[in-house]
Amino acid sequence: MSNLLRMILNKNVFFIYFSILLSVSSFGQEIVRSSIDSTYTEELDEVIVTATRTTRQLSSLPLQAHIVTNKEIKNINSLRLSDIINEQTGLTIVQDHGDGVQMQGLDSDYTLVLIDGAPLIGRTAGTLDLSRVTVGNIQQIEIVKGATSSLYGSEALAGVINIITKNPQQGFGGNLGYRYGTLNSHDISTTLNYKKNKLGISGFANGNSTDGYDLNESDDLQTVDPYHNYTFNLKVGYDFSENTSLSLSGRYFTENQDYIPTEDLAGKNRINEWNAHLKFNEKFNEKWNGYLDFYTTRYKTDSYLNYTEDDSYYSDSFFDQIMLRPEVRIAFEPSKNHSFIAGVGWTHESLDRTDFSNKPIFDAPYVYLQYDSKPIENLNVILGARFDAHNKYESQFSPKAALRYEITDEIAIKGSVGYGYKAPDFRQLYLDFTNSTVGYTVIGYNRVPNVIEELEEAGQITTIVAPVTEFNGNLKAENSLGFNLGIQYKPSTSLSFEINAFRNNIHDLIDTQVIATKTNGQNVYSYININEVYTQGVEINTTYRPSRNLTLSAGYQLLYAKDKSAVNAFENGEIFARLNTGSPSFHLQKEDYFGLYNRSRHMANGKVFYNHPKSKIDANLRITYRSKYGIYDTNNNNYLDDYDSFVDGFAICDLAMNKTFSEHLRLGFGVDNLFDFTDSDYITSIPGRLIYVKLNINF
Amino acid sequence: MKTFKISILLAISILGLSSCSDDDDPVLLDVESSQVTNLHAEQTSDYTTSPPTVAGEFIKFDFSSGNTTESSTDWDIAFRGTSILVNGGEAMGLVSEPERTGEAAAYIVDDTFASVLSISEGSFVQDSAEEFAITSGSGNGWYTYDSTTHIITATAGKILVFRTADGHFAKVEILSYYYDGDTSNDSQYYTFNYVYQPNEGVTTF
Numbered sequence: 001m002s003n004l005l006r007m008i009l010n011k012n013v014f015f016i017y018f019s020i021l022l023s024v025s026s027f028g029q030e031i032v033r034s035s036i037d038s039t040y041t042e043e044l045d046e047v048i049v050t051a052t053r054t055t056r057q058l059s060s061l062p063l064q065a066h067i068v069t070n071k072e073i074k075n076i077n078s079l080r081l082s083d084i085i086n087e088q089t090g091l092t093i094v095q096d097h098g099d100g101v102q103m104q105g106l107d108s109d110y111t112l113v114l115i116d117g118a119p120l121i122g123r124t125a126g127t128l129d130l131s132r133v134t135v136g137n138i139q140q141i142e143i144v145k146g147a148t149s150s151l152y153g154s155e156a157l158a159g160v161i162n163i164i165t166k167n168p169q170q171g172f173g174g175n176l177g178y179r180y181g182t183l184n185s186h187d188i189s190t191t192l193n194y195k196k197n198k199l200g201i202s203g204f205a206n207g208n209s210t211d212g213y214d215l216n217e218s219d220d221l222q223t224v225d226p227y228h229n230y231t232f233n234l235k236v237g238y239d240f241s242e243n244t245s246l247s248l249s250g251r252y253f254t255e256n257q258d259y260i261p262t263e264d265l266a267g268k269n270r271i272n273e274w275n276a277h278l279k280f281n282e283k284f285n286e287k288w289n290g291y292l293d294f295y296t297t298r299y300k301t302d303s304y305l306n307y308t309e310d311d312s313y314y315s316d317s318f319f320d321q322i323m324l325r326p327e328v329r330i331a332f333e334p335s336k337n338h339s340f341i342a343g344v345g346w347t348h349e350s351l352d353r354t355d356f357s358n359k360p361i362f363d364a365p366y367v368y369l370q371y372d373s374k375p376i377e378n379l380n381v382i383l384g385a386r387f388d389a390h391n392k393y394e395s396q397f398s399p400k401a402a403l404r405y406e407i408t409d410e411i412a413i414k415g416s417v418g419y420g421y422k423a424p425d426f427r428q429l430y431l432d433f434t435n436s437t438v439g440y441t442v443i444g445y446n447r448v449p450n451v452i453e454e455l456e457e458a459g460q461i462t463t464i465v466a467p468v469t470e471f472n473g474n475l476k477a478e479n480s481l482g483f484n485l486g487i488q489y490k491p492s493t494s495l496s497f498e499i500n501a502f503r504n505n506i507h508d509l510i511d512t513q514v515i516a517t518k519t520n521g522q523n524v525y526s527y528i529n530i531n532e533v534y535t536q537g538v539e540i541n542t543t544y545r546p547s548r549n550l551t552l553s554a555g556y557q558l559l560y561a562k563d564k565s566a567v568n569a570f571e572n573g574e575i576f577a578r579l580n581t582g583s584p585s586f587h588l589q590k591e592d593y594f595g596l597y598n599r600s601r602h603m604a605n606g607k608v609f610y611n612h613p614k615s616k617i618d619a620n621l622r623i624t625y626r627s628k629y630g631i632y633d634t635n636n637n638n639y640l641d642d643y644d645s646f647v648d649g650f651a652i653c654d655l656a657m658n659k660t661f662s663e664h665l666r667l668g669f670g671v672d673n674l675f676d677f678t679d680s681d682y683i684t685s686i687p688g689r690l691i692y693v694k695l696n697i698n699f
Numbered sequence: 001m002k003t004f005k006i007s008i009l010l011a012i013s014i015l016g017l018s019s020c021s022d023d024d025d026p027v028l029l030d031v032e033s034s035q036v037t038n039l040h041a042e043q044t045s046d047y048t049t050s051p052p053t054v055a056g057e058f059i060k061f062d063f064s065s066g067n068t069t070e071s072s073t074d075w076d077i078a079f080r081g082t083s084i085l086v087n088g089g090e091a092m093g094l095v096s097e098p099e100r101t102g103e104a105a106a107y108i109v110d111d112t113f114a115s116v117l118s119i120s121e122g123s124f125v126q127d128s129a130e131e132f133a134i135t136s137g138s139g140n141g142w143y144t145y146d147s148t149t150h151i152i153t154a155t156a157g158k159i160l161v162f163r164t165a166d167g168h169f170a171k172v173e174i175l176s177y178y179y180d181g182d183t184s185n186d187s188q189y190y191t192f193n194y195v196y197q198p199n200e201g202v203t204t205f
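Protein chains in written order, with the working numbering: chain A, 1 to 699; chain B, 1 to 205.
Bear in mind the hints are in silico, worked out from the structure with no lab data behind them.
Accuracy of the hints is not assured; some may be wrong.
What the hints assert, rightly or not - Now the stretches of chain B that chain A is said to cover, found in silico as 3 or more residues with beta-carbon under 8 Å:
id: 1; segment: 110–117
id: 2; segment: 140–146
id: 3; segment: 151–157
From the three backbone atoms N, C-alpha and C, an ideal C-beta is built for every residue, glycine too.
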């Protein structure tokens, strides 16, 4: 089992923090512009499409949202999406079968991740690995917090992250970026761009590789094995007329990683992912706009392991998920203060993977409607709802309401309440897996009656813990009601302050539970709607720009994330612990319950961005902190309590500097994890100090 | 294996209850709290066969003497690996399984050791052909197995209550499964606290 864990860690751990390199490509024109632009105007210009599926000014939005601009990405010399997400207030990257984002205290499973509005797939165990995404061709990253299933359906329970990639720019240009750093890490990116009249084309390519690293010298294994990956992106846009446009984009990602879980076994992990997105837009008149989207994507992994000694077969596995989604959307704006958007679409998904006895297919048609209005001068109200039908689980109705009221020019109050859900995934419904070395079995909900019958006939079952009849219905979608209430205060153009309180009540959380015991002493597990969980907290963000060349920002999140049945169990005195092995057990008190795993009570960040126009040098220093968290029930009472071992709180400090020599040349230097923080016991994803240099050429 | 006996006169309360009645009261024996350390319950497993062949002698323990015993009848519970069987009920058909000759039974209660002050007669079960009274498997009985660290922990708050082969009662809290309670040492060494009620028919501790 430790081998299994090790494999998992080796597989993907990797990328977190592991800012190897990544030159951020950009166009020549932009570089010139950004050094001229004042920061003030940039802020006014910030618009976001994710929150409402229409273009909205970020600062006037009634929802919790944040934008990471291309300029920030470029200045911090970031490489992978996970690097940037980890620096944002209230977000942290959690390593669990990949680098997943934790948002408002909810796991990666509950955050929808989009590229240009279309979902990324490939959650082999729930986590969507953000290190898969290079930031080389990103225009901006839009983050919307709070349940947003009213627009996006499943998975948008904690929120949505939308990666907006660059569109072809006017003229002909190109860019070459290269970053080299510690761990023999290379990252090379190139962009070619052409746009004239009606036709625009941009192509992007990125290659990323590293030797990996080893935090634990006591064995012959590496903490993270070497890997290399490539990303290719092509976008073609054609404007038939002022009112009619078409765009087609395709993206391909491939990664190869060594896979050496033990000293006796060696193999490879391979990921192949592609997506294609066709968008057609027709502006009928000033009031009516029509959109047609066709999206398809495939995520595929293959792994194998052979014995090192004679290269003979040990094991292999695969995962092959395909999604197809057509959608039609109509926007109607009868007047300046009222707008509607409506959409209808259909999602078709299939998955073929190891340990599945069949190849399940999901079909889910959906329809949604949103009304955005300003009934009076200072008030903005958004009402929306979506209905998702599904062939394998209960249909979902997801309403949402949000409003923002400007009390004065400086102070605004905003609040929202929304329903979010996450459909049971293929694994939770169809898995049929028996661990070959330990002997336990995990069965998907829909497979329970059949598999239990087979096991009983084979004489492998000792006792049935949960009767098979409990598995006759449908597994319910995990769902939540999310509340956000915030105040924005902007006393001057240079100072802004925002505070937001949130609460997410999650019902029908799916968890594994023992359903039978086997004659080999092991258990049979399945998935069942069992838990009620809540996450609540407060997020604070402030930005201060004392001059146009200096920006200071700070963010903080307070978080309580707890399982309601655990709270009750502690209150009822049903939970015990020992001070150490050999000492008698004692009752734990209510206040001894720490909460869910991997949640820090406090997370904070501080950033300083400085630009020296005369020397054309920009520099920044960023600190991210998270307080102690538990990853493991060390005293084995099934709950995370104050007597368990915790990962100590820590801070990571990153420094980046860039000098622009001309319109064509920019050089960078930086140190990620300046103080060389590592924790070989608990955190395999932080490799220690990484020093790099970066070159960027525009043509 | 070492046994410590500490007389802590838990019987006072029992005596107190009956002290107002007449002078014919039988003299009750003291209830003693004891600790057994490093009881070695070796089990071997041969994984080259399918299913694996599990073997080893069951180490029998007698509460009244507070010692392990070789006796074929005068024992209450027996240990092998993580398995604990009682001298009462049906055989499961294991290799080296001792013959059950007594009336022993058991149940597990969630509580602290000190808080278990009386037995619950209706909760007792005996070993059966399918399952031990002290159910086996991680999380099902007295221990939790961590599949990452491979460590077996005596689950906190699991108190084992026994009826002995001859109808007395005892309560047990297992503390550790490792030699000297150190998980870096060899496993299959039990350390446990127990209280034995030596007085016939007395159902309190």
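Checked hints:
1. 110–117: holds (count 4)
2. 140–146: holds (count 3)
3. 151–157: holds (count 5)
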